[in-house]
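Chains A and B are the protein sequences, given in the same order. Numbering of the first sequence is given in the working numbering, commencing with residue 1488 and proceeding in unit increments. Numbering of the second sequence is given in the working numbering, commencing with residue 1488 and proceeding in unit increments.
It is worth saying that the hints were derived from the structure and are not from the lab. Keep in mind that a hint or two might mislead.
Stated by the list, open to error - Mimicking DSSO-like on lysine-lysine, the simulated pairs with C-alpha atoms at most 27 angstroms apart in a straight line are:
{"id": "1", "chain 1": "B", "residue 1": "Lys1529", "chain 2": "A", "residue 2": "Lys1740"}
{"id": "2", "chain 1": "B", "residue 1": "Lys1685", "chain 2": "B", "residue 2": "Lys1615"}
{"id": "3", "chain 1": "B", "residue 1": "Lys1736", "chain 2": "A", "residue 2": "Lys1736"}
{"id": "4", "chain 1": "A", "residue 1": "Lys1790", "chain 2": "A", "residue 2": "Lys1743"}
{"id": "5", "chain 1": "B", "residue 1": "Lys1630", "chain 2": "A", "residue 2": "Lys1773"}
As the list claims (entries may be wrong) - Here's a subset of chain B near chain A, in silico, CB distances under 7 angstroms, partners left out:
{"id": "6", "residue": "Gly1696"}
{"id": "7", "residue": "Asn1726"}
{"id": "8", "residue": "Lys1743"}
Virtual Cβ for every residue (Gly too), placed ideally from N, Cα, C.
Protein chains: 2
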Amino acid sequence: MKKIIECVPNISEGRDQAKIDRIVAKLKDKPGFSLISAEPDKDYNRTVITVIGDPVAIADAIPDFVAEAIALIDLNRHTGEHPRMGAVDVIPFVPISGIEIEECVKIAEDVASIVSARFDIPVFLYAKAARRPERILLPDIRKGEFEGMKEKIKDPLWTPDFGPAEIHPTFGAVAIGARMPLVAFNVDLATAEEKPAKDISRYLRGSSGGYQFVQAGPAYLEQRGHYQVTMNILDHTKNPIYRIYEAVKMEAKRFKVEITGCELVGLVPAAAIVESLRYYRQPEGKKTPEDMPFEELAQEAIKRLGLRDFDAKKIIEANLPGAVK
Amino acid sequence: MKKIIECVPNISEGRDQAKIDRIVAKLKDKPGFSLISAEPDKDYNRTVITVIGDPVAIADAIPDFVAEAIALIDLNRHTGEHPRMGAVDVIPFVPISGIEIEECVKIAEDVASIVSARFDIPVFLYAKAARRPERILLPDIRKGEFEGMKEKIKDPLWTPDFGPAEIHPTFGAVAIGARMPLVAFNVDLATAEEKPAKDISRYLRGSSGGYQFVQAGPAYLEQRGHYQVTMNILDHTKNPIYRIYEAVKMEAKRFKVEITGCELVGLVPAAAIVESLRYYRQPEGKKTPEDMPFEELAQEAIKRLGLRDFDAKKIIEANLPGAVK
C-alpha cells in the first residue's frame, strides 16, 4: 500500500496575495504530492496550506518553502489576531494511509534537523513528536509569541529541540510535529431544544468520561432550524466514526429525538470511511477493501451513516494526482 | 435524602478467627450503620470488612476499631501473600447516596487527623483524598510494605499527610482515602470464540480510547461454555451501566454474536440502577424515583438489562437496618 501523508503548514501572511502566491508556489505542481488548498485569512494575517501525497516528496519540498517564507516575511512587522511565533508558524505531518504515526514523527524530526541546520532557526518538536510533556500542545510552546520568545527561549525549559537557543531575527521559531488526522463529524438532531444536544455531547466527549478522542458540543443551525452534536474525532483509528454515530443514536433514544442526518466537515481519510463501513457490511458478509473505488465508498458512506452534503471529493485520497475515481 | 456511605477497612489478620472477631466487633451492632460482611482470607492473612450507613456514625466508630487492631496485631509477626504496611492497612470511604465524593474526602481527612493524633501513627491520604499525584494509587504508597516503610517514610517524598514521619513499631502505617463505588458488570456473549469478547473489550475500555472509567477484558466461563466481556465501572455516575451495556450490544452486532445475559457481581448502589432504568423508562413516559422499592428496582433491572442471578439483596441500601424491601 502506498504511503500517503497530509502536511498542513501555516504561514504568518494572510493579506499580501503576491507574497502568499510566491511562498505557496514552492508546494505547487510538484511531483509526488498535490496542493489541496491555500486559505488566507486577513484578520488572522495567516494562511493555512494543505498538501497531500508521498512523504519523501513532501519532506524534500519543505526546506525551499521555508526559505521563501524567510525571504518574504518579517515578523517584526506582522500583526494579526492569531497567535504566532514564526514566519512559518507550524508544520504538522499527518498519516493518511499506509503509514503509522511513528513514521510521521520520524519525518518531523528529519525535517526539523534539516531546516534548523540550513537556516539557523530554532525548532520545537510538538504533538506526537514532542519530547517533553509541556511541548505536546502548540499553544503552550507558542505562549508569549514572537515578541516574548526572544526571552522565553533562553529559559532552559524552552531550549529548542533543534537549532540555536535564540530566535531568528525576522523568522522567529517554528513548531514541527506529527498528529493524527482530525475528523470533523456532526450529527443532526430533529429538535430546536438545546438539552438533548448538550446532554449527548457530555455523554460522548472524552473530557467528561466518554470516548477519549472525542471533543463534542451542542450547536444550533440557524438556517436549518435544529440542533446538532458537533464533534472532532482526534484519532479515528481508536474512536471510529461508526462508534460515535451509533453512540449518539443510542443516547438520543432517551429523549425520543430522531437523528435526521450527519455531516463530515472538510476532508476525511479513506481509511476512516472503510473502517466504519466494515462495521455495517461485515455482518452482511460483504468485504470492504481498502482500495474500494472512491465513488462507491462515498455512496456507501452516505447510505450507512446517513451523511448529507457528501461526495467522493471529500475523501482526501480522491484529490491525489492520478486518483482513480 | 439520607446520606449513606460504604466503608471497607482491610486488616492484616486473616487466620486467627478469635482476633478477627474481636476487631470486627467494634463495627458490629452499632447504631446508624450495618456490618455487611467480614471476609477473612487465610492465604492473604487479611480480612476485608464492609460496613454501610450514616457517615458520622461510621467515622465515629473507626478510632475504637483501630485501637483494637493496634492491641491485637503485630506486623513484625505477620506473613501473607497480600502486600500490607499496617495492622489496619487501608480505610476507604465510598459515597453511596445523598453524598458526593468531596464530602467523603473530608471524612477521610477528619478520620486521618483523629486517628494519627490519638495513636501516634502515620497516615497517608490516598485515591480521591490524595494530596500528591504519587499517592493516588495505593500500591505506590504501600511499595516496600511494612518492612521497607521504616526507611521509606524518612524520605521527604513520603512524609505522611498526618502523624509522625516514622512507623508505629507494631502497627506500621495506614492509608485513608475516598473513592467511588466500583460496579463489577459482565456481559455474556453467546460464543465460545475469544475474538469478539477480546475486540469488544478493547473498544470499550478507557485505556485504549473507550469509556474513561471502564476496565474490560475477555473471560471464558468454563461451566457455562461461553465468553463474556468482564468489566469494572470505576465511576458509574460518569459511565452508567446502561451506556456500557448498549455499547457492548452495538459492538457485538459486527460479529453477529448474541448477548444472552449480564451480571452485576457483588453489591451495587441503588443510584447506579436508578440512573440506568431512567434511560429505558423515560421514553416510555415512566418516572423512576430515587426511592423506588428495592424489589421493584431489582425486577426492572433484571428486565431492562437482562441481568441473571440478581435480586434486591444485591442492592447496597437494601442491606441497611430498617430498609423497606
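Against the structure, the hints come out as follows:
1. Taking the CA atoms of Lys1529(B) and Lys1740(A), the gap is about 49 angstroms. The hint is violated against a cut of 27 angstroms.
2. Between Lys1685(B) and Lys1615(B), the direct Cα distance comes to roughly 31 angstroms. Violation of the 27 angstroms bound is thereby established for this hinted pair.
3. For a cut-off of 27 angstroms, the pair hint linking Lys1736(B) to Lys1736(A) stands: about 13 angstroms separates their Cα positions.
4. Only pairs whose Cα atoms come within 27 angstroms are accepted, and Lys1790(A) paired with Lys1743(A) is accepted, the gap being roughly 22 angstroms.
5. For a cut-off of 27 angstroms, the pair hint linking Lys1630(B) to Lys1773(A) is broken: about 53 angstroms separates their Cα positions.
6. About 3 angstroms separates the beta-carbon of Gly1696(B) from the nearest beta-carbon of chain A, less than 7 angstroms, and the hint is met.
7. Interface hint at Asn1726(B): satisfied, since its Cβ lies 6 angstroms from the closest Cβ of chain A, which is below the 7 angstroms cut-off.
8. Look at Lys1743(B): its Cβ gets to within about 5 angstroms of chain A, closer than 7 angstroms, so that hint holds up.
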